[in-house]
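Asker: First to last, the protein sequences are chains A and B.
Going by my numbering, the first sequence opens with residue 1, and the numbers climb by one from there.
Going by my numbering, the second sequence opens with residue 1, and the numbers climb by one from there.
Hints are not guaranteed to be accurate.
[What the hints assert, rightly or not] Computed footprint of chain B on chain A, listed as stretches where at least three residues anywhere in the stretch have a Cβ under 8 Å from a Cβ of chain B:
(1) 7 to 14
(2) 135 to 142
(3) 183 to 195
Hints are computed from structural coordinates only; laboratory data are not their basis.
In this text the structure is predicted, and so the values were computed from the model without any measurement.
Beta carbons are placed, not taken as given, at the ideal position from N, Cα and C, and that holds for glycine.
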Amino acid sequence: MNVKLLISTLPLLVVGCAAAVSLVSFRRHYPAALRTLSVFWVFNFCVDLCGHILKYFGTKNHWLYNIYFWLMYLVLAYLYDGQVKSKYVHLAIRTFYIVFPLLVLAESLVSGISNLQTSMLVIGSIFMIFVAAAYFRQLYLSEDSETVARDPWFWFSFGFILYFGCSVPFLGMLNYLWEHYKAFTNFYYSYFCNSFAILLNLLIITGFLCQRNFQKSR
Amino acid sequence: MPEKFSEVTLILFASTLIILLLTGLIVVSLFINQKRKYRFYREKFEMKTNFDQELLRAHLEIQSQAFESISRELHDNVGTLISIAMVHIRSISVSPTETEKVSEADSLLNEAMDSLRDISKSINPENINRLGWQNSFLAELDRISKTKLFQVHYSEEGTPFGFEIQKQIIIFRILQETLNNIVKHSGGNQIFSHVCFKNNVVSVTIRDDGKGFGIDLPREGSGIKNMRSRAAMLPAVLDIESELGGGTSVRLTYTEQSINIL
Numbered sequence: 001m002n003v004k005l006l007i008s009t010l011p012l013l014v015v016g017c018a019a020a021v022s023l024v025s026f027r028r029h030y031p032a033a034l035r036t037l038s039v040f041w042v043f044n045f046c047v048d049l050c051g052h053i054l055k056y057f058g059t060k061n062h063w064l065y066n067i068y069f070w071l072m073y074l075v076l077a078y079l080y081d082g083q084v085k086s087k088y089v090h091l092a093i094r095t096f097y098i099v100f101p102l103l104v105l106a107e108s109l110v111s112g113i114s115n116l117q118t119s120m121l122v123i124g125s126i127f128m129i130f131v132a133a134a135y136f137r138q139l140y141l142s143e144d145s146e147t148v149a150r151d152p153w154f155w156f157s158f159g160f161i162l163y164f165g166c167s168v169p170f171l172g173m174l175n176y177l178w179e180h181y182k183a184f185t186n187f188y189y190s191y192f193c194n195s196f197a198i199l200l201n202l203l204i205i206t207g208f209l210c211q212r213n214f215q216k217s218r
Numbered sequence: 001m002p003e004k005f006s007e008v009t010l011i012l013f014a015s016t017l018i019i020l021l022l023t024g025l026i027v028v029s030l031f032i033n034q035k036r037k038y039r040f041y042r043e044k045f046e047m048k049t050n051f052d053q054e055l056l057r058a059h060l061e062i063q064s065q066a067f068e069s070i071s072r073e074l075h076d077n078v079g080t081l082i083s084i085a086m087v088h089i090r091s092i093s094v095s096p097t098e099t100e101k102v103s104e105a106d107s108l109l110n111e112a113m114d115s116l117r118d119i120s121k122s123i124n125p126e127n128i129n130r131l132g133w134q135n136s137f138l139a140e141l142d143r144i145s146k147t148k149l150f151q152v153h154y155s156e157e158g159t160p161f162g163f164e165i166q167k168q169i170i171i172f173r174i175l176q177e178t179l180n181n182i183v184k185h186s187g188g189n190q191i192f193s194h195v196c197f198k199n200n201v202v203s204v205t206i207r208d209d210g211k212g213f214g215i216d217l218p219r220e221g222s223g224i225k226n227m228r229s230r231a232a233m234l235p236a237v238l239d240i241e242s243e244l245g246g247g248t249s250v251r252l253t254y255t256e257q258s259i260n261i262l
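Generate coordinates for the entire structure from the input sequences, incorporating the hints supplied.
Answerer: In structure tokens form, the structure reads like this:
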């Protein structure tokens, strides 16, 4: 068995599972935000699948992931806009809606779309960590007596903080590492980044399955 | 170059590890905080429940003492005055034409005395202790029947069982309040009451054929509120159903934990 192939395919399988499980949100009474995230996660799986196919045929797929990450950060910001109640975070998200596309445009003009736009990734990831942390803060200060383990957005935020938090150092140095230490970059990406991606998707699965009684909360 | 590489890897791994630890710390502290919050709210709720129960107990105690005092005053003072009035009436020498009026006055005083005795018995907690809730309830139905304002129907099924006297008093007070409400507000002619003993559950249903009230009543009166708080104290289930023009039905269901078969 090709170990390298297995290691690179395993995250794809986990994403596929997460996408399949997320479809449970289309049961009655699940909030619209969960259904939107579910649709997005299915889209995420499709993009990842295309990315793997392109990689298999030796075609550069960075453009695909650039477009995917542009959408991902905006969609997640929109979803968190509905979850976080703080007006300052709402203001920050609205600012992000304006600033982020400008940043994307600037980076596309400077370094093009075919290379992975690491600045966009770092800024977007830091913003995702910020909104996820804001949601944690909201949970911390909340007077709601329901256990956090039954809140899907707790699990999602946990996953996003873990994934984006652990990816930011690597993504920030990605171009430098790729230029100077290709083998190490490959190794780190294959074992560490993929592990964080698997962890993220497992937490996404947990979030969708955490059995919160949405009928009761209506 | 190897130095630079080890520097880079150190930064990379160290920052990733720090973020992992921080995330873990945040999540753990969130769970601990939740647990503490939950414990705090549970204790607060228990304290409030205990306080409400103590308040209600004190209220019932004061009410019980007041009833005892009123019962004693009715019996000792008012009863005595009526007895003296009766003695005076009977000692009057009247002309044959006024004998009928005097007899009627005597009869009315007699009736007043009987009513006074019944009322005094029905509100006296000692009497309820002695008779038990069921007999006190029957005595109350009998008192209402004597007023001739209502036709009273009573039925029973199952084997009666006994329980703590304090709970019997509370049950009786709820039923007494129900009957008072029927007399004051229903405008009906009939009262149907049914007592059912089954396993360790006693269920009392009192129904009238009065005007009833709609569910859009702006708020419950203090009488119904008292009934509900007493039922909650037992605890028992109190169901009140009413329909405009269709009468009112009140059902009290109490489950006893330890049974004494009577």
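Asker: How about the stretch 183 to 195 of chain A: do at least three of its residues have a C-beta closer than 8 Å to a C-beta of chain B?
Answerer: holds (count 3)
Asker: Are three or more residues of the stretch 135 to 142 of chain A within 8 Å, CB to CB, of chain B?
Answerer: It holds: at least three residues are needed, and the stretch 135 to 142 of chain A offers 3 whose Cβ sits within less than 8 Å of chain B.
Asker: Quick check: do three or more residues in the stretch 7 to 14 of chain A have a beta carbon closer than 8 Å to a beta carbon of chain B?
Answerer: With 0 residues close enough to chain B, the hint is violated.
In this structure, only the earlier hint numbered 1 is contradicted, and the remaining ones agree with it.
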